[in-house]
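**Q** Below are the chains, spelled out letter by letter.
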Amino acid sequence: MDQDLVSTPEDAERARTAARLRTARAGDRDAFSVLVGPEVPALHALARRLTGDPHWADDLTQEALLRAFLALPKFRAECSLSTWLFRILVRLASEPRRWKKTERASSLADLEVPARLDTDAIVHAEGRELEDRVAEAMERLPLRQRAALHLRAAEGFDYPAIAGVLLCSPGAARMLVLEARKKLGARLRRHLEP
Amino acid sequence: MIPHECPLTDRVVATFHDGAPEQEAFPSLSEHLAQCGTCTQALGAARRVDALVAGTTLRPGREMTRALLARALAEAPSTLPPRRPHVPRAVLLASGVLVLAMLALVLAPHREAAVPAGSTGPAEVAQGPAAVLRVPDLPPGVRATFAAPRAVEPEPATALARFVRTPSTAMVRGLARELGVATLAPESRAELRELAALLERGVGDRSVATLRSALHEGEDDFELVRLCARVPHAGLLRALRSAVRGDATLSRVAARAALDNPRAAPALDLLFGLWNDLQVRDASLGRETIARQWFAALPTAWTPALLECLARSVNPEQRERCLLAIAATETPTAVGALRALVQGPRHEEALLAAFALARCLPPQARLHDLRPTWSAAIRARPTTLAEFLKLAEVVRVAPIETE
Numbered sequence: 000m001d002q003d004l005v006s007t008p009e010d011a012e013r014a015r016t017a018a019r020l021r022t023a024r025a026g027d028r029d030a031f032s033v034l035v036g037p038e039v040p041a042l043h044a045l046a047r048r049l050t051g052d053p054h055w056a057d058d059l060t061q062e063a064l065l066r067a068f069l070a071l072p073k074f075r076a077e078c079s080l081s082t083w084l085f086r087i088l089v090r091l092a093s094e095p096r097r098w099k100k101t102e103r104a105s106s107l108a109d110l111e112v113p114a115r116l117d118t119d120a121i122v123h124a125e126g127r128e129l130e131d132r133v134a135e136a137m138e139r140l141p142l143r144q145r146a147a148l149h150l151r152a153a154e155g156f157d158y159p160a161i162a163g164v165l166l167c168s169p170g171a172a173r174m175l176v177l178e179a180r181k182k183l184g185a186r187l188r189r190h191l192e193p
Numbered sequence: 000m001i002p003h004e005c006p007l008t009d010r011v012v013a014t015f016h017d018g019a020p021e022q023e024a025f026p027s028l029s030e031h032l033a034q035c036g037t038c039t040q041a042l043g044a045a046r047r048v049d050a051l052v053a054g055t056t057l058r059p060g061r062e063m064t065r066a067l068l069a070r071a072l073a074e075a076p077s078t079l080p081p082r083r084p085h086v087p088r089a090v091l092l093a094s095g096v097l098v099l100a101m102l103a104l105v106l107a108p109h110r111e112a113a114v115p116a117g118s119t120g121p122a123e124v125a126q127g128p129a130a131v132l133r134v135p136d137l138p139p140g141v142r143a144t145f146a147a148p149r150a151v152e153p154e155p156a157t158a159l160a161r162f163v164r165t166p167s168t169a170m171v172r173g174l175a176r177e178l179g180v181a182t183l184a185p186e187s188r189a190e191l192r193e194l195a196a197l198l199e200r201g202v203g204d205r206s207v208a209t210l211r212s213a214l215h216e217g218e219d220d221f222e223l224v225r226l227c228a229r230v231p232h233a234g235l236l237r238a239l240r241s242a243v244r245g246d247a248t249l250s251r252v253a254a255r256a257a258l259d260n261p262r263a264a265p266a267l268d269l270l271f272g273l274w275n276d277l278q279v280r281d282a283s284l285g286r287e288t289i290a291r292q293w294f295a296a297l298p299t300a301w302t303p304a305l306l307e308c309l310a311r312s313v314n315p316e317q318r319e320r321c322l323l324a325i326a327a328t329e330t331p332t333a334v335g336a337l338r339a340l341v342q343g344p345r346h347e348e349a350l351l352a353a354f355a356l357a358r359c360l361p362p363q364a365r366l367h368d369l370r371p372t373w374s375a376a377i378r379a380r381p382t383t384l385a386e387f388l389k390l391a392e393v394v395r396v397a398p399i400e401t402e
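So the sequence lines, in the order shown, correspond to chains L and A. No gaps in the numbering here: position 102 of the first sequence is 101 in numbering that gives the first Met the number 0, and each next residue is one more. No gaps in the numbering here: position 116 of the second sequence is 115 in numbering that gives the first Met the number 0, and each next residue is one more.
The hints are simulated quantities; they were obtained by calculation from the structure and are not laboratory data. One thing to keep in mind: the hints can contain errors.
[As the list claims (entries may be wrong)] For the chain L half of the interface with chain A, some residues (derived, Cβ under 8 Å), not all of them:
1) A30
2) V33
3) H43
4) D57
5) E135
6) R139
7) L142
8) L148
9) A152
10) D157
11) A171
12) R173
13) L191
[To be verified] Quick look at which bits of chain A chain L covers, simulated, 3 or more residues with Cβ under 8 Å:
14) 7 to 13
15) 43 to 53
Computed from a prediction, not measured in an experiment: that's the story for all the values here. Even glycine gets a Cβ: it sits at the ideal position worked out from N, Cα and C.
Okay, chain L solo, but in the shape it has when bound (with noise of 0.2 Å):
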């Protein structure tokens, strides 16, 4: 057998990504599903962190794969595709006026009620104690500084990464997300204890 017909399991997956994206940026709505699916939960844990509201993050989250869909015939694949979502999410986390969907009373027939956690007030708030004094010092930082730490913590991007997707030197991408470690190391500073 001919040795270039041979290809290795990486390849084969290339191969299939790259038809899926034909078939994506030709409109086909499984191919992108099937494409960016992967990438959806870690998105919306960033949208979550970015505007600090379940409800937010969901149009945040929705406005960016909408974004994406239209725009993909126009991505050159000169990043990866889930660098590509990132930096959509996070420009259009800047600019709240182009997705904030939640006003006053139009599309408030979407929201759903939340469902009773817990009866008692009390426990319910002791065990998000910890959650939320981290969700509120990282409200606290910048908001590039929010998403370079986010992605590098929660993510486990590199600084080359992160630089990527806020379109910055991996240089300034390091000296953001050190000085979001030091503020928010000085808030939280009696949870982080050893």
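Following the hints, complete the assembly by docking chain A onto the known chain L.
**A** Frame of chain L, contents of chain A only:
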């Protein structure tokens, strides 16, 4: 505070925790790390911060992921816009350089005829199509003023820092003496609640004055805001609202603390004030959203206070917030008062009361005394006000335009 006196700390953290490529410096940094306590401590702190952020990250499940994708794609048009031809960046760059070069060629001869150098008079304009505006030199005194480095103002020694972080100052000793406790340095929400309970029992003018001054000086302090939000003192709560007014995060922290105190008397005035501030500050923050976030998980003990507030308040906005809050609590004890309001003369308020009734009414209750469309809407138990208005066939009439 994480000490950062060592100039290599950032590089150490970036190399050993973030995997930044500093291969050539790696051996020397390893040696440094083995000897430097500051860097070791900072490295540990960085790892703990990242673990905390990663550990508190919330991710949607499979169902929600699918729903998000489906909802996003449902908004997309059926056909995508046609793809524009891709022009390589090099071509764009080259054309940009060409245009700039042509401009430079056109403007170059006139630059020679600019203003004579050394002019100190008023702004002069050179003659010709490429006139250059020259600003005269500033007098030496003025330049010196601009060049002088600004004095760095020291961070205000906040009362908060004295209050929470160093429990040995006169203020803390004074407060502790007044309350009969040894120390005042709440470490957790439970301790904070205990402290607030102590203050509730023993709150005196001195304690209030201390907390007020701490609020005034202690900018951006979550613990202090939480503590004050739990002390049932009208003056202190007013001071708190005014301290957090311009800050959405602190306003939310205060509201959360006030709501996280279900056994104390409800601080409704504070909550409604914060509600107003948040809504005014952020026009997209829906009033119904706030009601759900704040009141949905509360025990029913707050309902009488909400009803009392509804009975005594004449402020329409406050009454509206009360009704939305009651709707969020879904308490059957409010049904009597809501029925009376539904049949009241104010149409807007009656509608809101009917929506609250829809959320609070037990399934078997009778509704024959209400308007038929409203009864049907109430029976349907709509989850949102918008849904209720639609069911009740309420048509919003646009304002009549006058010429």
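**Q** Against each hint, give a clear statement of whether it holds in the structure.
**A** Consistency of the hints with the structure:
1. A30: violated (11 Å)
2. V33: violated (10 Å)
3. H43: Constraint on H43/L satisfied, holds at 5 Å.
4. D57: With Cβ-Cβ at 7 Å, under 8 Å, it holds.
5. E135: holds (6 Å)
6. R139: This hint holds: R139/L lies near chain A, its Cβ roughly 6 Å from the closest one there, short of 8 Å.
7. L142: violated (13 Å)
8. L148: OK, holds: L148/L within 8 Å of chain A, min 6 Å.
9. A152: OK, holds: A152/L within 8 Å of chain A, min 4 Å.
10. D157: Interface hint status for D157/L: holds (6 Å vs cutoff 8 Å).
11. A171: violated (13 Å)
12. R173: holds (6 Å)
13. L191: Given a least distance of 5 Å, the restraint on L191/L holds.
14. 7 to 13: holds (count 3)
15. 43 to 53: As far as the stretch 43 to 53 of chain A goes, the hint holds, because 10 residues have Cβ atoms under 8 Å from chain L.
Going down the numbered hints, you'll see the structure goes against 1, 2, 7, 11, while the others check out.
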